[in-house]
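**Student:** Spelled out, the chains give:
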Amino acid sequence: MSGTDIAFFLLALAAIAGGVTMLQLTNVVHMVIALVMTFLGIAGLYVLLSAEFVAVVQVLIYSGAITIIMLFAIMLTRHHDDDKERQTTGGVWHKAVAAISVLAFGLAVYFGIRRLDFGAEGSALPADNAREIGKWLYSYYTIPFEIVSVILLVALVGAIVLAKKDGKGAEDK
Amino acid sequence: MMNLAWVVPLFPLCSFALLLLFGRKWKKASAYVGIAATLLSLLAALGVLAGRLGGTTYEANWTWMEIGDVTLTAGFSVTALNAWMLVVVALVSWLVHIYSQGYMAGDERFSTFYAYLGLFTFAMLGLVLSPNLLQAYIFWELVGLGSFLLIGFYFYKEEAKAAAKKAFIMTRIGDVGFFIGMLLLFWQTKSFDYDDIFRAVGDGTLSPGMTTLTAILIFIGAIGKSGQFPLHTWLPDAMEGPTPVSALIHAATMVAAGVYLVAALFPLYEASEAAMMTVAVIGGVTAIFAATIGLVQTDIKRVLAYSTISQLGYMMLALGSGSYVAAIFHLTTHAFFKALLFLAAGSVIHAVHTQNIEEMGGLWRRMPWTAPLFLVGALSISGVPLFAGFFSKDEILAAAWANGSVELFWLAVAAALLTSFYMFRLFFLVFVGEARHRHDGDAHEAPMSMVGPMVVLGILSVAAGYIQTPWFGSFLGEWLTDGTYHHEAAPGWIAVVATIVSLAGILLAWLMYGKRAVPRDWLSARAPHGYELLRRHYYIDDLYRWTVVALVSFISRLLAYVDRYLVEGLVRLVTGTISAAASAGSRGQNGQAQTYGAVTVAGLAILVVIFALTGGNWL
Amino acid sequence: MTLSAYLALALILFCIGLYGALTKRNTVIVLICIELMLNAVNINFVAFAKYGAHPGVHGHVFALFAIAVAAAEAAVGLAALIAFYRNRKTVQVDEANSLKH
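Chains as they are written, first to last, in my numbering: chain A, 12 to 184; chain B, 498 to 1116; chain C, 53 to 153.
Be aware that one or more of the hints could be misleading.
Claimed, not checked - DSS-like cross-link-like pairs, simulated, lysine-lysine; straight-line CA separation at most 27 Å:
id, chain 1, residue 1, chain 2, residue 2
1, B, K525, B, K658
2, C, K152, A, K106
3, B, K522, B, K654
4, A, K175, C, K141
5, C, K141, A, K176
6, B, K525, B, K654
7, B, K654, B, K524
8, A, K146, C, K152
9, C, K152, C, K141
10, B, K524, B, K687
As the list claims (entries may be wrong) - Partner residues aside, some chain A positions facing chain B, computed with beta carbon under 7 Å:
id, residue
11, V70
12, S74
13, A76
14, T78
15, A110
16, F116
17, A119
18, F122
Keep in mind that the hints were calculated from the coordinates and are not lab data.
All residues carry an ideal CB built from backbone N, CA and C; glycine is no exception.
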């Protein structure tokens, strides 16, 4: 049992624990905190996978920006009697169907994973991740890069349009 | 002319069709269509009769269908009997059509009435032209249908509906016997044709046991249709129909169909002693049985109905005693005088608006045409000499005596006494004495359209007797039997006895109801139970209600349960399953995105699992 | 650790996220679960970048793109949620049933 294995188990445990806890908690804000734990666990896993750049981006974007935006959304739409209502939709049937189908899907894919064997021991990736990623990003993947930036612009504008107050928009029309 | 005999039933059929289509528009003119059609039929029938008088039997057949190696034919045959019946039926039908114009005037469903009359006439004429049993059965049923429609003409009256159903169902019971007999004959002789059957009887193909069995079975059909005991109870109730209907159907034609059938199959019956005895006994018993009931009825039409049953019994007695001629002769005269009596009764009812003879009286003065005509009919049915009924009844008594059945002979004589008694009881209560009816002021004579046919029938009730008399020659007998008839000189004392008995009955009736010398309740006071027995028609209706009807209603209720819970339950199971499936499916369309998502994921899971299980080779 | 361990982990996280997305009532939580699913996919990419048939940083690049698009989608989703909340005064998913017949 090498150190990496122990680290893997701990980090995996953290990620999964965060996910499960998130489903079980009742308070929405607590749920988001549990999710942060998951994101951080995943970031650690990226480091184990020699993907340092991605790990940092994960911490920055996910446990940073996205968590904050979720909290903003929660706070802007908060009902004070949220905690007493039930947390899940549908009746037993709905939950049963969802659970069984997710379970079936999971088991099927798991069996597929087990039979997968590339035989590779895992190659070492270049130590300077950032430079490598940059090299590939701006030469081979330029076009997707540009398109992603357009997507981000569209998302920005779209979010503003969607979330604007109705009254002002109606007057303009 | 005989080869065109198929034309005779056609005119009333056209009348029926036209009146169904256009009757509502034509309204009063429908009567003219019906009258014209039956007149044409009558003329054609007379032509056919003229042809047959001179010639021999004509028969025409066409192949109807072939089933395996059996060929069914349809056609018509003009035997002497058929030609005669054609004229009788067409004539009475025509007269009733004319009469109905006056009687049913003002009725909303005037044209429907004439349409039904046309249908019935078509069916009856078709029946008497049939050359084979199958065709006869078809027209037999059609006649029953016509009767049903006409009895239930006033369908808004509960009694009329019930009477129509009763008539149809009771005759249906008889028809089952007819059908079984017909099938047995077919099985034995491979043919429905009368000629083939007679040939089979003659050369022994049909065993004696089978002959008797089929003869009796077919007679059961005749019992139903002709209202013999025990299937007679529908006839009195059938009086719910309009009076012209009673005159046409339940006096002259439909009820005579049973007699006609036995007569047409006479060679079959002659071959079986037992069958003949059955026919004669039932006929004789019915004759006296119905006569006793008719003694105490107070509804004018019911008295006439029981009288009809009784007279039909006479005809069956004649047939059973071997005298086919006497039966047909009596059928003819009965058609005329009974129709006359019914039409006269209708005229009376039209005048005083009641059918209860206790509420009538003294109508002789007020109805100068109806009253004498009724008297003529009454004299004829009572067998007073010189009237038609005397001659035909005499023939029957002679036949019964010649056959050797002494008991039946005296039964018939007793029935004759009762006949004249109740007939004249009716006459005296209705026409003589002080007026007991409430509409004393406006009791008036019937219009000419109603009186005219009665006059014709009155003349026939006298004249028709002379075609077959022991004194002036037996034209009918010789012609009907193609010359094989020989009139054994009947003992002259029979005629004397008959005359005495008729006159005695008239005298007794006059004493009790005319002169009031003998109190009316002389008998009923002395024998109240007997009186009650007669008044309730020997409780036969009640007996049927307690046994047959109760049993059948029980069975039908049971079957109704089966139908409702089993059959309908199965159907509802199917529909229930489908609608349950449908509502289950529609519950999935609740507008919730997560429901749709769950369904999608479930489908995805199924696909992935299948893909995994089949190793990727599932397409 | 072997490749299948990382893939199994990713699968577990994906299933958790899927179940949560299908059953949670609060829309924000549904969006969060969707983010969780996207994270699981990212783990897959990065794991294959190291242990897969063609090791290289291509997996990382793809993971970066996924993160970017996920962020954009989260933003737009939450904007839509805000608009919905303004209209209906609720963030429960089962209140959004106007498509029901």
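**Student:** Against each hint, give a clear statement of whether it holds in the structure.
**Tutor:** These are the hints, each one checked on the structure:
Of the supplied pair hints, the one linking K525/B and K658/B holds, its CA atoms being roughly 26 Å apart against a limit of 27 Å. For the proposed pair K152/C and K106/A, the alpha carbon gap of about 20 Å is at most 27 Å, so the pair holds. Distance check on the hinted pair: K522/B and K654/B sit about 26 Å apart at the alpha-carbon level, within 27 Å; holds. As the CA atoms of K175/A and K141/C are separated by approximately 16 Å, the hinted pair is consistent with the 27 Å bound.
Of the supplied pair hints, the one linking K141/C and K176/A holds, its CA atoms being roughly 14 Å apart against a limit of 27 Å. With a C-alpha separation of about 24 Å, the suggested pair K525/B and K654/B falls inside the 27 Å cut-off, and the hint holds. Simply put, K654/B and K524/B have alpha-carbon atoms about 23 Å apart, close enough for the 27 Å limit, and the pair holds. Taking the CA atoms of K146/A and K152/C, the gap is about 51 Å. The hint is violated against a cut of 27 Å.
Restraint check: the Cα-Cα separation between K152/C and K141/C comes to about 19 Å, which is no more than 27 Å; the hinted pair holds. Between the alpha carbons of K524/B and K687/B the distance comes to roughly 49 Å, so the proposed pair goes past 27 Å and is violated. Hint status for V70/A: violated, given a least beta-carbon distance of 30 Å to chain B, over 7 Å. Interface restraint check: S74/A against chain B, minimum CB-CB distance 26 Å, threshold 7 Å, status violated.
Evaluation of the A76/A hint against chain B yields a violated restraint, the C-beta minimum of about 26 Å exceeding 7 Å. The restraint placing T78/A at the interface with chain B is violated, with a minimum CB-CB distance near 24 Å, outside the 7 Å limit. For A110/A, the suggested interface contact is broken, since its CB lies about 10 Å from the closest CB of chain B, more than 7 Å. Here the hint on F116/A is kept, as its CB sits about 4 Å from the closest CB of chain B, short of 7 Å.
Because the closest C-beta pair between A119/A and chain B is about 4 Å apart, less than 7 Å, the hint holds. Interface hint status for F122/A: upheld, as the beta-carbon distance to the closest one in chain B is roughly 6 Å, under 7 Å.
Violated hints for the displayed structure, listed by number in ascending order: 8, 10, 11, 12, 13, 14 and 15.
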